[in-house]
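Quick note, the sequences are listed as chains A and B, same order.
Those letters in the first sequence? Residues 541 to 818, by our numbering.
Those letters in the second sequence? Residues 27 to 280, by our numbering.
It should be emphasised that the hints constitute simulated quantities derived from the structure, not laboratory data.
Idealized CB from N, CA, C, for every residue including glycine.
Please note that a few of the clues may not be correct.
[To be verified] Partial selection, computed: residues in chain A whose CB lies under 10 angstroms from chain B:
#1 Glu-573
#2 Leu-602
#3 Ala-661
#4 Thr-662
[Unchecked claim] List time: in silico BS3-like cross-link candidates among lysine-lysine, alpha-carbon distance up to 30 angstroms:
#5 A:Lys-619 x A:Lys-577
#6 B:Lys-36 x A:Lys-616
#7 A:Lys-584 x B:Lys-164
#8 B:Lys-59 x A:Lys-658
#9 B:Lys-62 x A:Lys-658
#10 B:Lys-59 x A:Lys-747
#11 A:Lys-658 x B:Lys-36
#12 B:Lys-62 x A:Lys-747
#13 A:Lys-561 x A:Lys-544
#14 B:Lys-127 x B:Lys-189
#15 B:Lys-277 x A:Lys-584
#16 A:Lys-583 x B:Lys-277
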Amino acid sequence: MNTKIGIGLRREFVDELVQQKQLKPDFIELAPENWMKMGGYWKKKLRQVTEKYPVTSHGLSLSLGSPEELDYDFMKELKKFLEENNVQIFSEHLSYTKTNNAHIYDLLPIPFREDAVKHVATRIREAQELLGRKIAIENVSYYTPVDAEMDEAEFLNGVVEEADCNLLLDVNNVYVNAFNHNYDAREFINRLPLDKVAYIHMAGHEKVEPDLIIDTHGEAIIDPVYRLFEYTVNRMPEVPVLLERDFNFPELEELQQEMNNLRNITEKAWRKENANTR
Amino acid sequence: MRTLDNYTEKLQHRMTEYCRTGSPNFLPGTNGKGMKHYRRLSFNIFNNTLEQAYPITQEFLNEKEWMELVDGFFSGHDCQTPLLWQMPYELYTYVEENDLKLKEKYPFLPELIYFEWLEIEVHTMEDIDITAEYIPDKHFEGTVPLVNPEHRLVQLNYPLHLKPIKEAIQLPGQYFVLIFRDPEEGNVHFINLSVVFVFALEQLSQQDLTINELAIMISEQFGVEDTGEIKKHLKGFFEDLFGQQAVLGYKPKK
Ligand SMILES: [Fe+2]
Numbered sequence: 541m542n543t544k545i546g547i548g549l550r551r552e553f554v555d556e557l558v559q560q561k562q563l564k565p566d567f568i569e570l571a572p573e574n575w576m577k578m579g580g581y582w583k584k585k586l587r588q589v590t591e592k593y594p595v596t597s598h599g600l601s602l603s604l605g606s607p608e609e610l611d612y613d614f615m616k617e618l619k620k621f622l623e624e625n626n627v628q629i630f631s632e633h634l635s636y637t638k639t640n641n642a643h644i645y646d647l648l649p650i651p652f653r654e655d656a657v658k659h660v661a662t663r664i665r666e667a668q669e670l671l672g673r674k675i676a677i678e679n680v681s682y683y684t685p686v687d688a689e690m691d692e693a694e695f696l697n698g699v700v701e702e703a704d705c706n707l708l709l710d711v712n713n714v715y716v717n718a719f720n721h722n723y724d725a726r727e728f729i730n731r732l733p734l735d736k737v738a739y740i741h742m743a744g745h746e747k748v749e750p751d752l753i754i755d756t757h758g759e760a761i762i763d764p765v766y767r768l769f770e771y772t773v774n775r776m777p778e779v780p781v782l783l784e785r786d787f788n789f790p791e792l793e794e795l796q797q798e799m800n801n802l803r804n805i806t807e808k809a810w811r812k813e814n815a816n817t818r
Numbered sequence: 027m028r029t030l031d032n033y034t035e036k037l038q039h040r041m042t043e044y045c046r047t048g049s050p051n052f053l054p055g056t057n058g059k060g061m062k063h064y065r066r067l068s069f070n071i072f073n074n075t076l077e078q079a080y081p082i083t084q085e086f087l088n089e090k091e092w093m094e095l096v097d098g099f100f101s102g103h104d105c106q107t108p109l110l111w112q113m114p115y116e117l118y119t120y121v122e123e124n125d126l127k128l129k130e131k132y133p134f135l136p137e138l139i140y141f142e143w144l145e146i147e148v149h150t151m152e153d154i155d156i157t158a159e160y161i162p163d164k165h166f167e168g169t170v171p172l173v174n175p176e177h178r179l180v181q182l183n184y185p186l187h188l189k190p191i192k193e194a195i196q197l198p199g200q201y202f203v204l205i206f207r208d209p210e211e212g213n214v215h216f217i218n219l220s221v222v223f224v225f226a227l228e229q230l231s232q233q234d235l236t237i238n239e240l241a242i243m244i245s246e247q248f249g250v251e252d253t254g255e256i257k258k259h260l261k262g263f264f265e266d267l268f269g270q271q272a273v274l275g276y277k278p279k280k
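Please construct the entire structure, taking both the sequences and the accompanying hints into account.
What follows is the structure, encoded as structure tokens:
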């Protein structure tokens, strides 16, 4: 079986995905918050796409790292949406977008602290129970630590283990964080529970200053990130891989080419693995 | 059961406060450069989303005024919706409910924002299934017109649906607008209405009425004697709405 290579659904290329002229992903990923409670034109488009492709979902506003309670009304709506759209994997960010009952819609860095590990893990468990499914938690890009007691890998490991959740491994984010915070990306990958990875994100980023990269999803994937991806997939079992591109869209062939690149890398790694286990 | 220490909670509150206000807020173990990016990125999310939702307002205000509005909203209003696309509606309620200097200068500002939101609202409102049986045709003799349920009927104090903003604000008055979504393409359309037709649509939304019955009600309400003339106008009105898909057809009168 071929590895599933998908792309993040954007309104800019919805029609193309329906017509399948240049983009031919195996699945799509959508942010529920961008489609929930919507009728009319966009609901029609969403239906056309979800009828055509298997769907994974990448949440934005669950705010699993918030100090306060989960938003139970929202959770109910979300569960309904995931069921209606036959979503196979649901993922969210290891971050928070809300405090003091106010959303700010940006992914903020949870302080890497002991109590935060316990707290976030408790909330993830609760969210998993409410949604009736496991959540794949994504390692996010962060631009500053906040009074950290441990490093990112320890924090991430702690949460995944205590919450008994899955991992959405964003390889580009590992690269970005390793660059911005001066650590070794491969060593970071080695420390992760790779058997818990539900799927992988790949994306481009932007170097805004000589010593700072921002995770924009607005550029093509760069070679060092492909190499980190190759390193990663050689160390783990086969999972789906998703290309994220959120703006500054190139010609669609270029996006398809990026998906092809990802496929070539995974084929080398995972065909070999399959042959070994036969 | 509480699992988070007050200290960590305070760190998180301070972080969001800093993003929202930009005012220095001591946070141990952070780097200033990264913090600034969070402030910039989160502000941009608000600014870009609001710019997209309110292009007329943004264009009308000068840059300083627009920034003042966005900044005041971002720092002063606690956004409640988890859905970013619904966040711009909260700008409307914020402007409506607060004493803003901008409102003294531009008393029509809340209405302008509301008007722009209406287009988004009608474009995205959840689908309304029509349970009644109807015939998609314009035979309105003795039948009940079926109004496209995906609509809003509103009253404006400025003709924002008819004129460019700078002209519209010179023409305060009473304006009625039917805003609806066509069922095929999902596009939003605006129709200017006279008060008589607003009355007719409001009556129809409450009960099934034929054009004859509506004509009698209008004659009583507005003191017009010639019901034949009213009927003629109503028929033309509903035929026109049918042509634009603001009316989807007719139901037989039970
Ligand atoms: Fe990602």
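Status of the hints after comparison with the structure:
1. Glu-573: Interface hint status for Glu-573 of chain A: holds (5 angstroms vs cutoff 10 angstroms).
2. Leu-602: 8 angstroms, holds
3. Ala-661: Cβ of Ala-661 of chain A sits 8 angstroms from chain B, so the hint holds.
4. Thr-662: 5 angstroms, holds
5. A:Lys-619 x A:Lys-577: Distance ~13 angstroms between Lys-619 of chain A and Lys-577 of chain A Cα, so the pair holds.
6. B:Lys-36 x A:Lys-616: 29 angstroms, holds
7. A:Lys-584 x B:Lys-164: 27 angstroms, holds
8. B:Lys-59 x A:Lys-658: 29 angstroms, holds
9. B:Lys-62 x A:Lys-658: 28 angstroms, holds
10. B:Lys-59 x A:Lys-747: Holds, at about 14 angstroms.
11. A:Lys-658 x B:Lys-36: 17 angstroms, holds
12. B:Lys-62 x A:Lys-747: At roughly 16 angstroms apart (the allowed maximum being 30 angstroms), Lys-747 of chain A and Lys-62 of chain B satisfy the hint.
13. A:Lys-561 x A:Lys-544: Measuring from Cα to Cα gives roughly 19 angstroms; hence the hint holds.
14. B:Lys-127 x B:Lys-189: 25 angstroms, holds
15. B:Lys-277 x A:Lys-584: 26 angstroms, holds
16. A:Lys-583 x B:Lys-277: Distance of about 27 angstroms is within 30 angstroms: holds.
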